[in-house]
Every structure is written in structure tokens, then in C-alpha cells.
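Novice: Chains as they are written, first to last, in the numbering used here: chain A, 1 to 299; chain B, 300 to 1018.
Hints listed in this document are in silico derivations from the structure and should not be mistaken for laboratory results. It cannot be assumed that every hint is accurate.
Here are the computed lysine-lysine pairs in the DSS-like style, where the Cα-Cα straight-line distance is at most 27 Å [to be verified]:
(1) B:LYS897 to A:LYS226
(2) B:LYS712 to B:LYS728
(3) B:LYS897 to A:LYS144
(4) B:LYS919 to A:LYS130
(5) A:LYS280 to A:LYS72
(6) B:LYS919 to A:LYS72
Given the structure is predicted, the values throughout are model-derived calculations rather than measurements.
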Amino acid sequence: MPFPVYSRNAPLKEHVGPVHVVTYNTTGQYVLSGGQDRKIILWNPNSSKLVKSYIAHGYEVLDIAVSYDNSKFVSCGGDRTIYLWDVTSGSTTRRFSGHMSRVNAVDFNADASVIASGSYDAKVRLWDTKSSSQRPIQLLEEAKDSISTLQIVGSQIITGSVDGYVRVYDLRMGQLCEDLIGYPVTSIKDSTDGACVLVSTLDSTIRLMDKSNGTMLQSFSGHLNKEYRIRSCFGDNDVYVISGSEDGKIYAWDMLSRRVVHELKGHGEKVISCVAYHPKKPQMVSCGIDGSIQVWDCS
Amino acid sequence: MFADSVKMSRKRPFSTAQPASTNEADSIFLGTPIAEADQNTFAPVWKQEARDERGRKRFHGAFTGGFSAGYFNTVGSKDGWTPSTFKSSRTERAERKALRPEDFMDEEDFAEQRADERLVAAAPFSAATSSKVVEAGVQDILRGAPGVESVGYELLKKMGWKPGFGIGALRSQVVAGRKVMMPPRADETAMSGVRLTRKNNTHGLGYDSNVPSMRPSDETGGARGAWPAPGSISTKKNSGIGVGVVNEYDDGDEEDPYEIKPIAYDRVLGSKKHKALGGASKHTFVSKNRAKLVSASSISTTTTTTSKLKRCYDGRLPLSGFLLVISGSLTSSSMLTNEKEYAPPSIPETYIPGILIMHDPKTLITPELIADFEKSRKPSSSLQSSSAPHQERLSASERSRILGSAQDHLQGKSVFDYMTPAQRERLAKVTGNQQLPPAKSEVGPSSTQSERNSGERNEAALLELVPTIDKHQASTALSAGFMPYADDNEKRVRYIIYLESQSGTRPVSDLLVFSKSGDSDTAPGKLKVEDWMRELKEFNKAAGLFRPLKGMLANRFTSSANASTTKTSVVEDENTVLFHGADLKKDLPDREDVSAAKMGMYGPLTRRVSTWAPSSLLCKRFGVRVPNMSAVDVSIASAELKPSARDRLELLSHNKLLNIAKDADVSEEVTKRLEVQNVNAGGGSKINAEVNEALEQTKAPRDLFLAVFGDSDVEDENV
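Here chain B stands alone, though its shape is the one from the complex (with noise of 0.2 Å):
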């Protein structure tokens, strides 16, 4: 019977009291239905979060399953279940808050006593105390915070001021019938005359109303000060703020607001009072003589002023040995500066102002080229006005002749000079005008390569494409180490060469050797000129690429003795350290001292001395001093210094040899040899003949070196 009729929960919302359909016409409907304005909302989780006034959060977490146990808003923090620090172990202990009444008070407490506060001024500001004057006296000035001796204090106790004492120099007073100097007494101090009194004006610091410059122009009560009068800001309406630039023709002649008027430097502050006392007068230092000399002069032209004594502005006398000066008069600047005037330099008669003849240095400015240039320059007839432009007499040649400037090569130039006298006359039918200039079979700086016939002439012009590089670049591309087109060694020699004619060590001319086309195409190693150009051109472009490694890409990377870079010169086997070595004698034939020592003649020819510097803390832990560069030649120094290592070498032997005689196997042999030894040893060991023995291949070395060591054996030479 109900359940029909009654219906609790609808999943629609009510709109209205009434059924949406007539089926339901006879449905009872309890509770009130839901706002129309609240039916359609949903907030989120964050926004329903229940709050009280003070911004706490209440419910605790119930709806969104916090976890308090219990501890919620009971440690006095603001999230409830975190305690504020509190720390007490056994070595610290936590320390006792001290309970304030605020943490006793509630939100009525708080509004009470919020209630109750009023906003005063403190006592020495307070309005109670505007009217007095007070009296400062030591003990007011050297006061500081209630209750803490000023730092003004102590200074003064340190400096022997007693407290009760006034401050001021000490004076002979008569004390127990004695002449004593005593301190002045605390209420007759130097500073009796300051005054404390309010400030209730809006001047700066430093005013002083006596001060008349100081007073404001327009005199609308002194009291007002700075602030400028009512009636004092133009309210013209061509300036102002808010306003635009308004051009307003009334005035008559074109004021523009935003020109740029010269600055007067001689505008003064209050210039109108001033202009009644003679003007801006500022103190100037004028030496004894000058002085003599001005107020003579002065005397003598203004005789008004010589009654009144000239004062300054503020109405004091000026200071001995100071002269007022008054701009405009005469005894301003040149009277008072010592410079005397200088006549204009002389202008010569032939000067004609205007003219600026920007020329080459080179050509004098001769009289016949000025007149030529003003008979260009005058206008051809009078009745001509100056607007109208010149009937040039000159041409443009002409006038660079004139002028000096260099000719160059296309100006000045038709192109009738290029052609030849046949195609002139072509031209001429054509045209109808016989009236062209000659034609002269000119050939031109920038000629075809078919017209280019083989002369000096194309050579020069062939050197001039030649594409330049930097004279430093290509020194620094031929130190460059490594050298391209590595598989075509005439193209690296070319490229070298090319390097070279960059960089100054070789005639650009050599460049042509391999650029003569014609019948030398057939000849090999010579180039076509277009292909010529074109390896030129990638000759600079490489210049720019292969240049020498710096820094720690240097490092990374050296180069090995020999020059071809193929080979390899170490190869590794797994387990053995092994070393190939380059072939010095056929990569480098050349180099005398590798073939000098391929042929056994070690010395001054494979030696080669050079100086180095060793670090300081090397040669410390060296036990070193450190050397001295000088520029001596060292090798020299050391051949002379150093005992033949050979002179050592035969007494060493010489001591071996007697050893091993001692033992018992002694041959005859030994004791020979010993024999030889000792003539030899006794005979004389010069050193000097090291030099000269390697260079020549005489048996005299040999002789020597036979008899040193020893050599029975003569077949044992395999060297």
C-alpha cells in the first residue's frame, strides 16, 4: 500500500515539489526539498575540509581516515598530531616553558583585550609635552636606555669626567680659600645654548629664514615653506601633465615645446630680487695687485658703485683679501684671469673659405690647380641663380687629374678605347651618329682566356688570380708537420710551393712553372691553366684546414723521425715487448749525420748539444744548483772541460790488464800489450785530435784505437 505511493529515494532530482509525470500524481513527498542553488554543486575533498574560526581544522581526520590516537589538538600545534619539539635524554634536558597568559586566554580573552589597546604617542612625543623647551643638560644628553650607562659615559669617565661635573675646560675657582682649577658646574656647560625644540615645519635641514634666497619666491606665508603656492604652477596649456603636445600657432612664430633651447648657464635661483642688488655676485680670490688694479679701474668708470661698499648677497662685508665681482661688469673674467689676448692667426690673401679639395697628398696645391678648379666651380653666366646646377666644363676625368687622385683603370675609360677601329664604324652606320669617339684596340686588364696570348703581360695578369692566404697563415700551414696529398708528391710539392709563395720565401713567379698551357700540355707534370686555377684554389682551401695541432691535441699526437708517415715503427706482439725501428737511412738520406753514423764515424757529426732547463725542484731533489743558461758554446766548453773519456779508459784498461796479469793465467799476449800500454800512456795523451780524427778517414785513428784496446783480432771488424 505504501510502496507505491511513497517514494524515499529518487535517483532524479526535484526540480519542484510537483511529480515530474503524471504517474505520480498521487506520491507524498517528505522533507524539504534540496535549494535549487545548492542541488547542482559539488566541491571537492580539499575545499570541504570543516574549519573552525581560527583556521583550525576540526573533525580530525574522521571522514578522511586520519590517525591521531587521540592526540589531536592537545600539543599545541596547528595539524594536531605533531608535537612541537620536545627533547629531554639524559644529557639534555628539556627545558621548562614558561606559561604566558596568552596561553590562558581564550578567543573572548583575546577579543577583550584587543578592545582595550589604544594607540598613543610616547611621552617625549606626546602632545602633552610639544609646549616645553627642554633643557638639555648633561646628564639628558648623555642618557641612554633607562637603566644603561651610554657609551658617552664611559668615554668621558675614561677621560676623567666625574659624573655631578659639567663639561667645558676647567676654571680657577676659589675653593676653601685655595685657587683651584675645577670643572665647570653640571648646569653651566658649553652646550647651555641648545635648544630642544619641536620640529612642526616641512623646511629642509639648514633652513634659516633670515637667509633671503631661502625664503620661497612668492611669499604666500613663511610658514608654508617649500611647498609651492597655488598660483605658481604654469598652467600653460601646451606643457603639463596629461596634457599632449599641443601646437598652438597663437603665439605666431613656431614655438616647439621640445626644442632644445641653449642651456643658460647664467639663470640664477630668485634672480629677480637679486637683479635689484646688482646682480649675482659670488666671492672671487683676486691677488693683492689685481685688487689695486680693479678697484683703481672701478674707481675710475662706476663711479655709483664706489659709494656703496659691495656686500654679498647675505649681507656681510666680503672677506679681506676677497674682491666681489660682478658679472657683466669689467671686473669680470679678463680683468681677474691673467691670460692676455691673443690676435687671431693671419689669414692669407688666397684663402677662399668653403672649399675642402680632399686630394692626394702627392700632388702639390699649385695656384694653376686652385684657378682651375674656381673656373669649374664658377657659374658659367651671372643670371644664373644658385639653385640651379653648374654647367660642369670639366669632366670626370678631368677633375680626378685635377685633383691627383690615382687613375683607375676602368674610369675614364670607354668602351670605344676597347674597340677596334672596323667595329666603330659599324656602330657609326648603325646608329647614324658619326660623332663617337676613336676607337683604339685597347685589351683590357680582365681579357678571355682566348684572346690571352702567351707575353709578360698575361703572365702578371695570371699571377694577379692567384688566390692569396695571409702571409702568417701559410707560414703557419707549412709548419703545419703534415703535409696532404701524402700519395701525390708532385701535388705536395706544389702545395709547398704555393705555401711558400704565400708566405714570402719564394717568389710568386714560381708558380707559373707549372701553369704555361699551349704546347707544354703535352709535357708532363704541367698543367692546364683552368686546372692550375683550380688546384690553387684547393691549395687555399687546405692551408686553412691543415694547420699544426695546438695545445693537448698536441700532445696526443707526435711525429715520428722519419718523414713518410706510412710506416709504422713500433709493432707489438702480445707477449713480448717488441721494437721495430724505421729505416733512418732510407727515409732520411739526406741528413749528414745519420749517414755518419750508419758508417761508424760517431761523434762531433752525430752529437748534437743543446741547452736545458731543468725545473727548480727537480735540481732540488737533485741536490743541484740550478745552472745558469749563458750563451756559451757548450759543446766547445765540454770537450775542453772533460778529460778524454779515452785518456780513462786507458788507465782502466791499463789496471785490468795488471789485474788479470796478477792472476795466474798471464799470457805473453797480456804482457805485451802492457808494454805497448804503458809507452803509449807515457808518451802523450792529447785530446784535441778527437776533432779532427772524425772527419778524416787517415789511419792514424786507427792506429790509436789498435793500440788502446788492443785488436789482435783484425778480421773481428764487422762494423
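Chain A on its own, in the form it takes in the complex (with noise of 0.2 Å):
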């Protein structure tokens, strides 16, 4: 499928701020953001028109996902404190609170019974959203620095940490397996087989690393990402590669060639944080430190 090379509509400036995080909920109909500026966005691609906001957060917003039945979304940020969402209502049903410092990363399980936040102190906290608990049911301290991105796959929980390593947590085998990257690891994600990691680091490299055994299996370049945490992901079942740049130009590699198919340049030739492809059709939508945020479409 054609890669969303256009932008039809203006870039949404709804945020006040850099944009951190930009995602799709389950069907592709909508799309969360959530910055600097403690606000969340919900709203329509398709249209560019906002749907609704939540406030509630006392700092930046720094990642948002959306449970499998789109009902609620969790999201996490500067205040240490992870928000479970109610989409319709607006408001906030339930808080996690026991990091000691920002949480840089959240995400549900299958059935949005757990809840997994990395933060910068190192650890990642697993939650349980059944009971009204406090603490959490486990935590996973094997991280020796902050925890930059995470994400919970089947019974997987890969984490991304700024100490190099990615280690995946397989609760069915009871196995912990890190591979040591090298560099520090901004952002992680499955692909759509489970077999491999696309795992971008600060060396201005995405890597793909094979979950088996730890060899990478491609590693895809050109881009610039130094400092920011710049968020990387698969396009279209994998065949592509897309990731934001600090150049501003959002960067789309053909996964098998490691080739750049695109540069798209927007957002103010600002650092791109995160980019996101739609589940199902060729669009895409980005979200920059200039605040805007843009859909990318074919045709």
C-alpha cells in the first residue's frame, strides 16, 4: 500500500507546548494527544475537529494508550501519577500513584486488567485495575536508569531503558531476557508477529532485534535523534518503518530494503516526538515540540 505522503488538512494546534504523544485508539476513528500543556486530546482525523479534552493532569502529559475496547485510555506524566480514563465521562477513574519520579511510559494489557508505567526512577510498576488497590502487583527493578518507553505485548513486557538495555519480561516462561543495545533506548516496539523489536536509540539508529535470540536483523539510519526521545513505529503490517527525526522531517524506511522511501518534512522543521499509523488504512498523524499535530494521508 502507497505510503500517507499528504497532508490534507492544516495541522491541528489545539496544544499549547510541545506535543509528546500521539495515538490511535483501537479502530483508527480517533486519534488521543496529550503535551506539555497537561491536556489531553480527543479528536477526529478524519475532520481535524476536537472531540474533547481532559484536564486533570498536574504536569506534562507524557504517554497515553487506549484499552482494547476503546472505552478508557490510561496516561502518565510529570505529576508521578498514572490516570485511568473513562473516554465518555471525561473523567479521571481511578490513580496509580507510586513512582518517585515522572513516568515516562504506560500501557494496558490485553484485557486492560493490568496496567505497566516506566518511569525515570528506574522501575516499572505494574497495576492492577480490578481492585482498588494502591500498590502495585509487581515491580520490575532490574533497570539501572530511567525507563524511556515500554510496551505490553500477549504475556511479553518489553521495556526500553535509558542504560541500554531492552529487556522483555515473558510472564508464560518466566524469563527475563535483556539485550544490551549500547546506546540508550528512546523507544520500543513489537512487531506485528511478535518476533522482532524495533528499538530506537540515541545513536541515531533504529534497530531491529530479533526477540529470540538478540541479533539485530536490520538497523535503519539517516534520521537524526540525539537527545529527544523520539518515538519510532511499523507502518502498514510492518512494512515500513516511520520515525520522527530532531531535524524535522518525519523519516519512513522500506523495512526489508532499510531504504528511506520518505521525508516528510512539517512541524516547523521542529523535533517530530511521535508518530502513529493507523491500524487499518494508509494515514498516519504526527505531533511535534511545536505543538501541532498532523494527519498524513494518501492522495
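Mind assembling these two chains? They're in different frames, but the hints should get you there.
Specialist: Encoded structure:
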């Protein structure tokens, strides 16, 4: 399928200050974005219209994850708390606190019963949404430095940390796999088949690592990533690898050939912090530190 | 005319009726003067409250500003103006208080009532009924409070008893010509014998005057009971209440009243009488055989007692199978117990009681040793009394040698051991005493630095001076994670060496590397001995300080991955989230996985697999069974079980390429690649090769890599 390269509508400028995260819901109908202005905005990417805004965070919003049924989402940020929101009512159902520094990443498990949160304090806390306990179910403390990103895939929890390791906690096997990448890891994305992991690091390289034996299958470069947390993702059923960059361009690589197939300019030549690809159709949304959010379509 | 003479109000108190000064001699005094006693008394307000004889307040705040609206003493409360709690609402109506006769009585009535009161004993306790013996019938016993059926009543009824019948077993009676089982009549019951008589003595429960031992020892009147007779209390002056310890030596021998005499276990109450009976006797079980033996023996030995049948103290015969044992006779103790008598151990002839030799267990006590010892103990002449001190033949060192105690360094050594002959001569000249011990120029253990010369002995001496730490403490200090002296790397190294030497992982002699003095002073990195000692003491203290953080505090701090703590790994900007990474290569140069990662050799070198236990709740939430941690080499297992992702990728890419090929823009290249791939996929996708490939930098993996990913542009590699 062709790559979405056209920015039909004007970028959304509802946020004031950098937008840290942007994500689709499971159907692709809506986009949630969170930024430095402590707001989370739910909006329709096709019409670029704002649907709802969620205001409760005391500090910037750093990550958002949507549950499988799209009825709730979880957000985290600088106020060290994890907020569980109900989409329709717009209020916080639950709050989880316990981290000792800002929470960088958050994710649901398959049935939204567990929330994993990774923080600057190098710990990952796993929270139970079903009980009303204030304490996490478990604490993962193996990382030596800030957890920058995490993802729950099936029965695995994959975390990436600034200490240069990608850790895969496998619940079924009861084992922890630590892969040393060598550079601070800023973004983790599991492939659709679950066999490999896309790892963005601060040496301006994105690596595709094999989960089974820790070898590197592919590496992608050409973009600039030395300082900021820039998220990368797969596109179109893992055909493309897409990432933002600090030079104001969105880079798209062909996964097999590792060639840069597209460079899309946008967001006022500023750092593009996050990109998200539509789950079903060729559409992409990106956000940058200038506060704008751009939807990309084909033709 | 009046004014100057009649003075009504005077500030001065009237002490007497006489005028205070002669000026007022002609004035008239009206009214009685205030009595002397009352004049100077000023009572506080709270003492001046007016109360009536019942303690109720009067005047109702007339002088103190009380507000009552006229309700004083009208609503039945002591304060007068607070009504007793009267509540009546629509839902809860006030209850009507029943009036008692006390409400209508006044003081005089109460007084009359009190006068009429008399205290009398209740009916069963009154004197009128004391002589009667109340026959206890069933009804009386079962009778509870008047008007209430007692529990006993109900229980009996439940068991089938009917009022009117007695209590007891059913008896056959002839009723109406037939034999019938009937309960006993009410007036003849099992309890007919109970007599309820009044207790008018002071005996204890269970007192039976028939039992001789219960009778008071001095028979001064049986009814008296337990109270001691007037003469029975000892009137010895040195014991008794109120009298101190009076030491009277009238008796002759020193009778110490506080002397704790050994407890006499054979004392018996009222023993004077019972000695006549033949001593204390108690029931003791004896088996039949023993009884025969005993009776046989007793018959033979004590002829006097055989005629009498032995009785117990209460006059009764012992129970069958029991034998009466009289203390002191042959029948007691040894005869009755089954124990045999064992002879005491035989004492060796060489044993001399009274010698306690505390010795080093390694030295054997030989007869020579004992002989030596004996010699030293024996008095030199028999004329000496035992109280005079012994002439010690043996010196302390000889004794210690005999005893086998460890030869202490300083004991047994005299000053002369350490002196040179020249010094000894000088001493001898000065004192005039030529009988000095010979001088041996020894070197003592704690000689000063000036005498020290290099040699093994000195090194050992140095090492002795090293301050020690407990092994455990040293190892915890080593694992503290934070090593002090961050600015001085050499010092830190020395500190670590010190800790290691104390925890046992390193020989202590390693510490001496830095301690050589003398010409190595000029050598860099070497310390003089004093500095070395000082430094060691410092390390000793530091080891106590720098311990690993525990508990909650440890949660607050994490050490970063790299050794140097001065560099920060993450710098935060106001607007954005920055992630600065520490350069692993620079900080951890020795780690092989780091170098492998830097080179891009990702694989077994960069991978670390360990077991991790998810909590059971977590597994439950994920719908996963809790994994059992068996000691299987997980890395191998995973490599074997999971098919290589490479193969999967091949398939994937194969599909993708096919899809792409289906689209409009199909290039020749793509089709070529497809063909190549097909060949490779069909050829054989071995799994095991990866393990070796990562280590070997051969062309083979590269080829495979290229074949799989179909990299046409070789120049693109900038990994």
C-alpha cells in the first residue's frame, strides 16, 4: 500500500507547547494526543475536529495508551501519577501513584486489567485495575536507569531503558531477556508477528532486533536522534518503519531494504516527537514540539 | 449641732467602744460594735453562698446575677433553673412519671421515717428459727425465689418428674391390685438425711471432730476450734512482733535467730501424739510379692508389731493390697523400691583429693608432673604450721611450664633479656650487685621504629598493627556500591585492597606493598609507615561508615550503569524530555558485551537471560499459568524451541515481495530477488548456525544476510 504522504488538512494546533504523544484508538477512528500543556485531546483525524479534552494532569502528559475496547485510556506524566480515564465521561476513574519520578511510558495489557508504567526512577510498576489496591502488583527493578518506553504484548512486557538495555519479561516462560543495545533506548515497538522489536536509540539509529536470540536483523538510519525521545513505529503491517527526527522531518524506511523511502517535512522544522500509524488504512499522524499535530493521508 | 458629734460611718473599725482619740470624747455611738472576731474576716464569694440544710441553693442568684425567670426550685433539679430532661415530641410522647410517696414528704416526714426504721434479721436468719432443724424436702430445695419456678424444677420436669413425687429410683408398688413401678413418695427421698443446721462455730469446711488430727493440739475446749489457746503462742522474747532481734547469749551457744536451718522434711503436725502410734504412716502401694516379702521380714524382725494389726491414723485398716509403711522401719525406702544398690566407683590409688589442676588439655598429666607438683606443694619441713606461707621452690615460669600453659611472651622474661651486656655491667657497677641475671640482647615485640630494620620479623610486626575489621563488615562495605575517595583513585584502590584483605579474599601481606619506608620514600605511590598506619585507621573508620543502603533508603537511590557517579545520564529541559545517555564504551571499557554491542555484534554476547518470577496475581490477570522455575538452561531452550525469526522474516519478506510484485510497479530487481529468495528458502534454513556466526567474522553470515534482505546498496552500511 502506498505511504501516506499528503497533509490534506492544516495541522491541529490545540496544544500549547510541545506535544509528547499521539496515538490512535484501536479502530483508528480517533486520535488521542497529550502534551506539555497537561491536556489530553481526543479528536477526529479525518475532520481534524476536536471531540473532547481531558484535563486533570498536574504536569505534562508523557504517554497515553488506549484499552482494547476503546472505552478507557490511561495516561501518565510528570506528576508521577497514572490516570485511568473513562472516554465518554471524561473523568478519571482511578489514579495510581507510587512512582518517585516522572512516568515516561504506560501501557495496557490485552484485557485492560493490568497497567504497566515505566518511570524515570528506573522502575516499572504493574498496577491492577480490577482491585482497588493502591499498591502495584509487581515491581520490575532490573533497569539501572530511566525507563523511557514500554509495551505489553500478549504475555510479554518489553521495556527500553536509558541504560542501553531492552528487557523482555516473559510471564509464560518466567524469564527475563536483557539485550544490550549499547545506546540509550528511547522507543520500543513490537512487530505484528511478535518476532522482532523495533528499537530506537540515541545514536540516530533504529534497530530491528530478533527477540528469540537477540541478534540485530536490520538497522535504519538517516534521521537525527541524539537528544530527544523520538518515537518510531511500524507502518502498514510492518512494511515500513517510520520515525520522527530532530531535524523536522518524518523518515520512512522500507523494512526489508532499509532504504529511506520518504522524508516528509512538517511541524515547522522542529523536533517531531511521535508518529502513529492507523491500524487499518494508510493514514499517519505525527506531532512535534511546536505543538502541532498533522494527519497524513494518501493522495 | 449633731453633725460633729454623731458620726455614723467610720472608716476606722471600732476596736472598742472608746473613742480612738481624745478629740471625739463627746461623740455618741449608735449600734452594737462589730465583734472582734468578725471584723477582719473577708470570706470569698464562693464561701458566701447561701444554702439550706439540704444543700439546695437559696436566693437563686439574687446577689450574683442569676437569671431564672422564676423557675428556681420548681422543676425538681438541684440547680433550679435546669429542668430535668423532659422530652415530648409528636413521635415520642413524654412518659407520665409515677409519683412516689417520697415526692410528697418533707423533711419532718423523712425524719419520722428514719426513726421508725429497724434492722432485723430476715426470716431464715432470725433468731426465732435458729433452733429448728428444717427438714429438707424436695420442695424446699427446689424452691427458688417466691413466685418463680427454679431451674431445678424445670429440669426435673423435663426429665419426667411430676410435682408431688419424690426423687429416687422407681420402686414397685402395689396400686389398685397391680404391681406398678412408681417413684418414691415426696416425703421419703434420697435426700432425707440432709439436715440443715445452723453453723455456729468457726471450724473450717470439712471439719470433723471425730478426726484426731483435726482437733486442736491443746485441748482447751473443742468448741473453740482453730483459735490458738492463750498460752500457745510462744512468748520468747527474741521472736515476736514488735521485738527486734535480741541476741541473748543466755543459752550459751550462739543461737542465730536468722539462721536458716535445713528444712526438716519429717515434721508432722500434731506429731507428739502420733509418735505413740508408731510414727507417721501413709498409704503406699506395694505389689503382692513385695508385700509377702515385707510381711515375712517384718514378722521376723519386729515381733512386737505383728500381734497388732496396723491401722491408719484414722483408725481404719489399710485398703486391701496396700501395706502400711512406717518410716524408720525396714519396710521403708529400700525395701519398697525396686532399686538395687550399686557400689560407689572405685577410686584409683593415686588419687589425692583436693588437687585441682587447671591445665592445657594438650599436656598430659603424667606421674612425673604430679610428682613435681607434689614436691612443690609439700612443706619444706614438718615444723612449719599449715597457716604459714609455703616456701615456693618453683618460680612462676616453672609452674607454668609444669601446668603446660602457653608461654606468654612477657612472662618469664626479665629486663635483662633485653639488655646488652654492656648495660648490664653498668647496672652491676652502680648497684654493686653482681648477682644479676645474664643479659641477652633480645629484641622485643614492640620495639620502636628506630630499631626496626627490614626483615621478615618487622613485616610480621607491621601486619600485626593493621587495624582489623570484622570479616562480615568488610564484605558488606565492599558490596556497598559506593566507594569513597572518588577523587583519589589510588587511595580508593588501597581502600578496596584493605577491605578485601579484611574480608579474606586477599592476603594481608598485600597491604605491605605500600608500606615500605626508607629508600622507597621517593618512589611515587609508596607511603611512609606512619602515613600508612594513619591511612589504615582511616580506612577502618570508613568501612564502618560506608555501608550499603538498606530498605526504604535504597529505594530512593539507584546507581547508574557506569562506574563514575559524577556524570549525569539524563538532562531535562523545560519543554521537552531529553535523554542524554552515558557513553557506555568509555565508562565500561572492559565489558565484552558492551564492545560487542558497539561493534554491532548483537547476539549471545549481548544477551543475558535470567529467570524472573511474575507474581501470581499478575499471571492471573494475564491469563497465564504461573511458570515453574526449573533449573533449565533457559537460553538454550529458547534458542531451540523458537524458530528463528530469520526464517519468519524470510517468509514475511517473501509474502511482502509477492504483494509488491502484484502491484503495478514491479521491477525486474524485485522479481530477481524473489527468485533468489525462493532458492534460499527451499535450500534449507538451518537454525544452529547463529551461535557460531556471531563470534566469527566470516563472510558466510554476510552472504546470508544479504541474500535474505536483498541489500543491493552495499555503500549504505554505516552501522
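Novice: For which of the previously enumerated hints does the structure constitute a violation, in increasing order of number?
Specialist: Violated: none.
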